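K.L.:
Could you build the full structure based on these sequences and the hints that come with them?
Protein sequence lines correspond, in order, to chains B and W.
For the numbering used here, add 1007 to where a residue sits in the first sequence, where the first one is 1.
For the numbering used here, add 2 to where a residue sits in the second sequence, where the first one is 1.
Here are some chain W residues the structure puts well away from chain B; computed CB gaps all over 12 angstroms:
| id | residue |
| --- | --- |
| 1 | Thr-70 |
| 2 | Met-193 |
| 3 | Tyr-251 |
Straight line, CA to CA, 25 angstroms or less: simulated SDA-like cross-link-like pairs of lysine to any residue:
| id | chain 1 | residue 1 | chain 2 | residue 2 |
| --- | --- | --- | --- | --- |
| 4 | B | Lys-1024 | W | Thr-113 |
| 5 | W | Lys-158 | B | Asn-1239 |
| 6 | W | Lys-79 | B | Thr-1251 |
| 7 | B | Lys-1252 | W | Ala-80 |
| 8 | W | Lys-93 | B | Thr-1025 |
| 9 | W | Lys-56 | B | Pro-1249 |
| 10 | B | Lys-1019 | W | Glu-136 |
Stretch-level coverage of chain W by chain B, calculated; a stretch enters the list once three of its residues show a Cβ under 8 angstroms from a Cβ in chain B:
| id | region |
| --- | --- |
| 11 | 86-99 |
| 12 | 144-150 |
| 13 | 157-170 |
These aren't lab readings, by the way, just hints derived from the structure by calculation.
Predicted model only: the values in this text are computed from it and were never measured.
C-beta atoms are modelled at their ideal positions from N, C-alpha and C, and glycine is treated no differently.
As a plain string of letters, each chain reads:
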Amino acid sequence: MRDMGNNTELVKRMRRKTLRGNLLNYVIVLGAYAILQTMVMTGNISSLLKGLLVPLCVYVIAALSLNLVVGISGELSLGHAGFMCVGAYSSAFFSNAVGTALPDILRFILAIFVGAAVAGLFGILIGIPVLRLKGDYLAIVTLAFGEIIKNLLNVLYAGIDSNGLHFSTKSAMDLGMEPTGRQIIKGALGISGTPKNSTFTVGIILILITLMVVQNLINSRAGRAIMSTRDNRIAAESIGIPVTKYKLLAFSISASLAGCAGVLYAHNLATLNTKKFDYNTSILILVFVVLGGIGNLTGSIIAAVILTALPEMLRFLNNYRMLIYAIVLIVIMLFNWAPAALDMRSRLRSRIFKNRGSGNGKEEEQNGNA
Amino acid sequence: MAMLEVNNLSISFGGLHAVDDFNLTIEKGELYGLIGPNGAGKTTVFNLLTGVYKPSEGIIRLDGVDITGKSTMDINKAGVARTFQNIRLFKDMPVLDNVKTGFHNHYKYSTLTGILRLPKYRRVENSIDERSMEILKVFELDSEADLLAGNLPYGKQRKLEIARALATEPKLLLLDEPAAGMNPNETAELMETIRFVRDRFDMTILLIEHDMKLVSGICEKLTVLNFGRMLSMGTTSDVLNDPAVIAAYLGE
Ligand SMILES: Nc1ncnc2c1ncn2[C@@H]1O[C@H](COP(=O)(O)OP(=O)(O)OP(=O)(O)O)[C@@H](O)[C@H]1O
Ligand SMILES: [Mg+2]
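P.N.:
Given below as structure tokens:
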């Protein structure tokens, strides 16, 4: 038996390991920022890559947020594009409605809060009835939500005049606004003229905030409760964990982070419509999470970046583009999921860090068990 | 007042009376055994006591408080913790975190405190870590605190389940076949540990067990179930010498 001194030593070692894992993610993000930002400032960047910088941030945030649901709380969401859509529309509406009444920075910060809050609210509304059920109902309901919200927004008209806000689902005429009123949401045409406040720097800051929220949540009382409901719902109940509450917490935080991704997206485009927020995007984000390793945040970041940038960077290959893309998918999958690769990685890791190849369940060990 | 008082407890699945008119009284600090042949309804009694199933009839009182029909979570908060016949650990979490999760309702800080890492976070986490390591030490699992629970050998997984249950600071601990799958050495060690837990934590324990050596070694009283009905009850030696009990076991 070991004495208490060794015990505290062991706890400290676990904490250091977690801390190192968390810091690694911040370092990766900041390192990528330093390199890319230097390239931008010295003009050594193709316009193609430059145009990709904000979308990359959007998808990284979306993947991290979905990993909170899939990897940490063990539920399946097939409608995360829907939450991005809600965040995008609500924030773009807000920014257009406020216009120049507020300084740019303040308006954008508020827009981020609006997008996150509205998306989070939708998360709660969907989660309350669904998450109390045992089984994969969330996948079905979120799938439906993603499609319904898109179709609703496609027929939504909204504007603002001196009397306040006007909404209609029929036509612009139907809004009944004063001649001086401004129409903001124009049905299937979406929202145009949103201020282009999203920059690469803002995107990176939002990624860092997302990382902080998710990582600190995982390593807290609430995070343990969430993961316990993932690993064994019945056992979690038996030790007094309110299962539905913590599933709902994870889901609504995730929805609101996806909303942030939507805000970033909306403020990067001259015209916002619902086309991009379809089923395919929800699945694409899920692909990032699965390929990056379920529950593995570093993997989500890397997979989102590679799989977003690659198809664009490979355009010059024309017909071979999708072939290369498919090969990369397979290679990533092998690297992340094949037992031999897992083995090799944990050996490498233990050699580099000189600690045991086992421990904190966020890294490759979890992939092996998932 | 008895720690646990069960009156006329019944449940059926379809036409099967899995538990029928079951009565049980356990005094504070007792080590009580529930035995019976396979399929007798022992685990079902645990599921009724912990709210996994709602009884069709009967009353369950814990320390004088009626807990009949409450949710599993509320029953745990009221003071009942359990282990499972088929181990249910949080297997993708470290051993330490399995126990820490058990302290969920005893050491609290808000989700926001956790996300923002306010000073209270560190303070409370330190206490949880310390208490959890103390419990792990009782089960000699402290040196494996950083392993994933799913990677522990079978016998240690059983011990970890007891450790996790204890972290919820229960009044009554229910152990469903704690020695299943253990070798004689491990079983002997487990008996010591169970006795130690009872003395050290002043615990009341009800356990289901097939291992008669364990049962006769540590249980003070027994109740025997057969086909969902109570066959015999009393002090351990009386029950084990009861001809009806012997017949039921030989008749298997
Ligand atoms: N959820 C359920 N639905 C239907 N039948 C059930 C259910 N749970 C238990 N039973 C039945 O109730 C009876 C008692 O089962 P139980 O698991 O309580 O037995 P046990 O005494 O724990 O047996 P063992 O020693 O094998 O663990 C069995 O016939 C079982 O098939
Ligand atoms: Mg049983």
